[in-house]
Amino acid sequence: MAHETWIWSWGAGTRGQLASAASSDSLEPLRLSSFANARPVGDGSTAFRPCASSILDMACGGAHAAALLREAGEEHAQVVTWGNGESGALGHGKELGDVSAPKIVELFHSINVCSLAAGWSHTAFVTECGELYTCGSGSFGQLGHGDCEERLLPCKVQSLSSRAVVKAACGMRHTLVLTDTQGTHAKSAVYSFGASRRGQLGLAELDVHGTERLSSQKIVKVSIPQEIKEWTGNQVVELAANGDHSAAITEGGCLYIWGRGFCGQSDLRIPTRASHPLRFCRVALGWNHGLALTDEDVLWAWGSNQRGQLGSIEGTQKEPSPTSVENFFKEGGCRDDSVITCSADQYWPKMVRVHGLEGRKVVSLSAGSEHSAVFLEDGELKVWGWGEHGQLGLGNTDDAPIPQIVILPGNLSKNEFTWRVICGSGFTFTVGEKSSNF
Amino acid sequence: MSYDDVEIEDMDWNEGLGAYTYPCPCGDLFQITMAELKIGEEIARCPSCSLYITVVYNPEDFMETKTKSQKVPMKAPDKPQPAAISVA
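In the order they appear, the protein sequences are chains Y and E. Quick note: the first sequence uses full-length UniProt numbering, first residue 1, plus one each step. Quick note: the second sequence uses full-length UniProt numbering, first residue 1, plus one each step.
In case anyone wonders, no lab produced these hints; they're calculated from the structure. Mixed in with the good hints, there may be bad ones.
Stated by the list, open to error - So, partial list: chain Y residues that the calculated Cβ filter (under 10 Å) puts toward chain E:
(1) ARG173
(2) GLN226
(3) PHE427
C-beta: ideal position from N, C-alpha, C; glycine also.
Put together the whole structure using the sequences plus the hints.
Right under this line is the structure:
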């Protein structure tokens, strides 16, 4: 069976982050041909030829992106990067120019990468062997190599070499890493490094040299991965980071957030658990908002709604009718409540239900800096939030306070495809793949 | 309305631009030049969009005094720090 992959991009594009030939903003989805295939040719240069490859993962950062492409019949997946090349986040060595078409990261020619993450100007690569490689800007320690230097080529994070890394998430200037059980490590663990001023590393009680506690002083940056131990025995299964925010979901569906406070609330310096009774399975963060999906396919949002990022009319109310956790139970935990305020926990932001998704199954969820996007099971792509650069793909530069449908050009039978949406800071990608033998 | 208040310590010195910069959510950079800081400007703008931030700093750190002998030393651009954990 032939494999079909279709990719569209839109939004801010002046650094080549849309992977389109023109390095300019696009207000509407562009169907990309540049992904058709990337393969090194004999003379060392990289050429593209049309072929069916599968996109195993994609990550979009500040103004750059990375993807994992596997050709039909091949074992090895190629890592390609594009966009802003300034600080080495593309991993192409001394070539620091912007790249407007996916370009192979040669270092991974014989290393199998299985997942990717992208921050403002750094990139993380997780290998099938459980290693973590990072490159790009390191000025806040976000590469985890024990210094604050940049790396122009992906470098292995040595201090995690005894752990099996399974996932990474990159914020603006910090990185979170999830490790699995391996050898003497009976439990999964979460590590963090990078900028720490807003508490985004979750290390408020960091013990330095075994004795001195820093609770009275703010840790500014950490360049060697440190373990976050605030999970009260639960295993973390999901991680998210963006801006100065971090989030995790544990096995039981508990959502934790930490880092910069939302809407002027205090910064949370350690992972803080939501006290309401919802069970979450997915989480995505923007620079001032967050989105989390429950087991029952209800999408909740929190944080700033200045640009419509929450996709909720409720979120625009200045004084919402508060439903305390206590009342929530008393009222039978009514799932249709559109606002939850955790009065029991003053540090947790108010959560609102994203508008117009009732009864719809979300298959993919992503947040840009100030916009949000979901792909629904029935093939509908919905976006909301900040639109100044066309990052909503609605053909204009308006903000959208409630979810709007994006029209993808091309006459595709949408329900035959599996869909993903991936937001960078001011741009958006969507990938549709038709079932294959991979 | 200002997108955010950002302390100068959180901004990066960009030699090429001759400006302190901070990430803009559009993917470009908010920028404020040394000359602007010297005259007490506190708005850093993004050349690509409508957003701007308010830079929080002590103007005295950047002000040029009239007599050379009293000149306040400029804040040195951020240098890589060797320590694994830095504390402020």
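Once the shortest beta carbon distance from ARG173(Y) to chain E is found, is it less than 10 Å? holds (8 Å)
Interface hint for GLN226(Y), Cβ within 10 Å of any Cβ on chain E: holds (8 Å)
Chain E contact restraint for PHE427(Y) - C-beta distance below 10 Å: OK, holds: PHE427(Y) within 10 Å of chain E, min 7 Å.
Consistency note: the structure conflicts with none of the earlier hints.
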